[in-house]
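Engineer: Sequence:
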Amino acid sequence: MTKSSTDTALRDIKDLLDKAILRQSREGGRSTNYVLAGNAAEGRS
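Quick note: the sequence shown uses the numbering used here, first residue 1, plus one each step.
Think of the hints as simulated: they come from the structure by calculation, not from any bench.
Cross-link-like lysine to any residue pairs, in silico, SDA-like; alpha carbons within 20 Å at most: (1) Lys19 - Asp7; (2) Lys14 - Ser4; (3) Lys19 - Thr32; (4) Lys14 - Ser25; (5) Lys3 - Asp15; (6) Lys14 - Glu27; (7) Lys14 - Arg30; (8) Lys19 - Tyr34; (9) Lys3 - Lys14; (10) Lys14 - Gly29; (11) Lys14 - Gly28; (12) Lys14 - Arg26; (13) Lys14 - Ala37; (14) Lys19 - Gly38; (15) Lys14 - Thr2; (16) Lys3 - Ile13; (17) Lys14 - Tyr34; (18) Lys19 - Val35; (19) Lys19 - Thr8; (20) Lys19 - Ala9; (21) Lys14 - Ser31; (22) Lys14 - Thr32; (23) Lys14 - Val35; (24) Lys19 - Leu36; (25) Lys14 - Gln24; (26) Lys14 - Leu36; (27) Lys19 - Asn33; (28) Lys14 - Gly38; (29) Lys19 - Ala37; (30) Lys14 - Asn33.
Please put together the full structure from these sequences, using the hints given.
Structural biologist: Below, the structure is given as structure tokens:
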């Protein structure tokens, strides 16, 4: 979609997880997906 490298995408996802903006699903591997976490989903910081 954005033509970014896999490494860049993984770094960005990890950063969003560390900041508690994203939350990872219980599924792992190829089934992993992410959702907005808590207040981020409501537009609050």
